[in-house]
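Undergrad: Chains as they are written, first to last, in my numbering: chain A, 39 to 172; chain B, 39 to 172; chain C, 39 to 172.
Read the hints as simulated data drawn from the structure, not as lab findings.
A hint or two may mislead.
The list cannot tell twin chains apart, which means a pair is met if one copy fits it or any two copies do.
Claimed, not checked - Calculated cross-link-like contacts (lysine-lysine; reagent style DSS-like; alpha-carbon spacing at most 30 Å):
id, residue 1, residue 2
1, K50, K70
2, K142, K170
3, K163, K59
4, K70, K59
5, K66, K50
6, K70, K170
Read off the chains here:
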Amino acid sequence: MLSTFNISSSNKTEMIDVTSKIEEIIAKSNIKEGLCNVYVPHATAAVIINENYDPNILLDIQDALSSLIAEGKWRHDSVDNNGAAHIKASILGPSETIPINEGKLLLGQWQNICVADFDGPRERKVIVTLIKTS
Amino acid sequence: MLSTFNISSSNKTEMIDVTSKIEEIIAKSNIKEGLCNVYVPHATAAVIINENYDPNILLDIQDALSSLIAEGKWRHDSVDNNGAAHIKASILGPSETIPINEGKLLLGQWQNICVADFDGPRERKVIVTLIKTS
Amino acid sequence: MLSTFNISSSNKTEMIDVTSKIEEIIAKSNIKEGLCNVYVPHATAAVIINENYDPNILLDIQDALSSLIAEGKWRHDSVDNNGAAHIKASILGPSETIPINEGKLLLGQWQNICVADFDGPRERKVIVTLIKTS
């Protein structure tokens with residue numbers, strides 16, 4: 039089963055928690071056991087899984103990536119000035135795949151699924167694919 | 039088919055080779071062709087695939103991440119002093135997905151599946167999901 | 039359905055666009071909806087998804103990784119002098135998993151699938167596994 043939804047970022051760099059939207063999709067499906075792939079079809083955004091109970095963690099991750107990958111020094115910046123966003127998105131990657139059991143995502147207690155936008159503000163698409171084990 | 043097992047780390051940072059445990063799970067299943075997803079439901083641990091024939095490589099990877107992500111300078115450190123562990127886990131990600139053919143994992147000759155614990159010593163859970171192609 | 043093909047790199051570090059080869063495999067299959075896993079069974083290569091319309095982006099990503107992970111300072115270098123290649127491959131990871139719908143890969147407009155070789159020139163194997171949703 040394949041579903042899509044859109045989200046909107048408000049800042050240049052932002053991490054948006056999409057856990058509850060994905061849990062809703064699984065609840066409406068008839069998948070009891072399987073895998074859930076969360077994918078963003080974008081080259082300057084990524085999917086990450088980490089803790090959002092303390093929202094400072096998502097800010098720390100953004101800061102760490104910004105300190106590693108400086109803005110404004112890349113070949114691609116002459117085209118549309120977002121070279122750093124492409125590099126950060128490549129390091130995190132555009133998808134995560136999470137197990138499902140008894141109809142629920144097997145996220146840990148301190149895991150949330152977030153879309154990292156490194157070139158906002160923009161509207162971004164999220165594609166969720168559910169596969170049953172058999 | 040979904041299986042879980044636990045492992046224990048003995049140090050703050052440690053990479054634990056789980057290849058043989060995952061190969062056992064596949065051997066006991068009836069999956070001949072498909073995918074194997076290895077997932078850790080933790081926000082300060084990750085799954086990586088690399089070489090463990092020379093175990094120094096796993097130490098080199100830990101050193102490289104520690105030199106990129108310093109300890110003790112993150113917002114989240116005021117909560118439980120493991121901000122760097124969250125950031126390292128985000129960069130590597132909580133899962134890997136490996137093809138299966140003729141009932142065997144298609145790991146390369148120099149690939150092992152390891153759980154990276156960045157906030158040990160702890161007990162960690164590993165979730166293995168097998169999906170058949172049809 | 040599982041398929042493999044080989045590619046050859048010409049330089050020490052190189053990113054090779056394999057999008058059209060993977061699209062051909064999907065076109066020949068009967069998969070209308072599902073997931074496509076692209077995997078390299080190598081410890082000094084990785085799979086990344088980013089933009090290749092401006093090929094400078096792939097050079098920027100290689101430069102960024104080289105500035106973060108210096109050559110020649112790792113324990114493993116005494117064995118075969120490619121410690122940095124192992125570390126870079128670990129950070130990017132050996133696979134990506136992409137949704138398929140209506141018989142096509144759901145890559146975004148600016149996404150290409152590339153194999154990153156960090157220890158070329160070499161021949162590298164690419165394993166493509168297609169799973170149907172049901």
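Undergrad: Work down the list of hints and note, for each, if the structure agrees.
TA: Results of checking the hints against the structure:
no., hint, verdict
1, K50 x K70, "neither (38 Å within a copy, 36 Å between copies)"
2, K142 x K170, "both (12 Å within a copy, 20 Å between copies)"
3, K163 x K59, "both (13 Å within a copy, 25 Å between copies)"
4, K70 x K59, "both (17 Å within a copy, 25 Å between copies)"
5, K66 x K50, "neither (33 Å within a copy, 41 Å between copies)"
6, K70 x K170, "both (7 Å within a copy, 16 Å between copies)"
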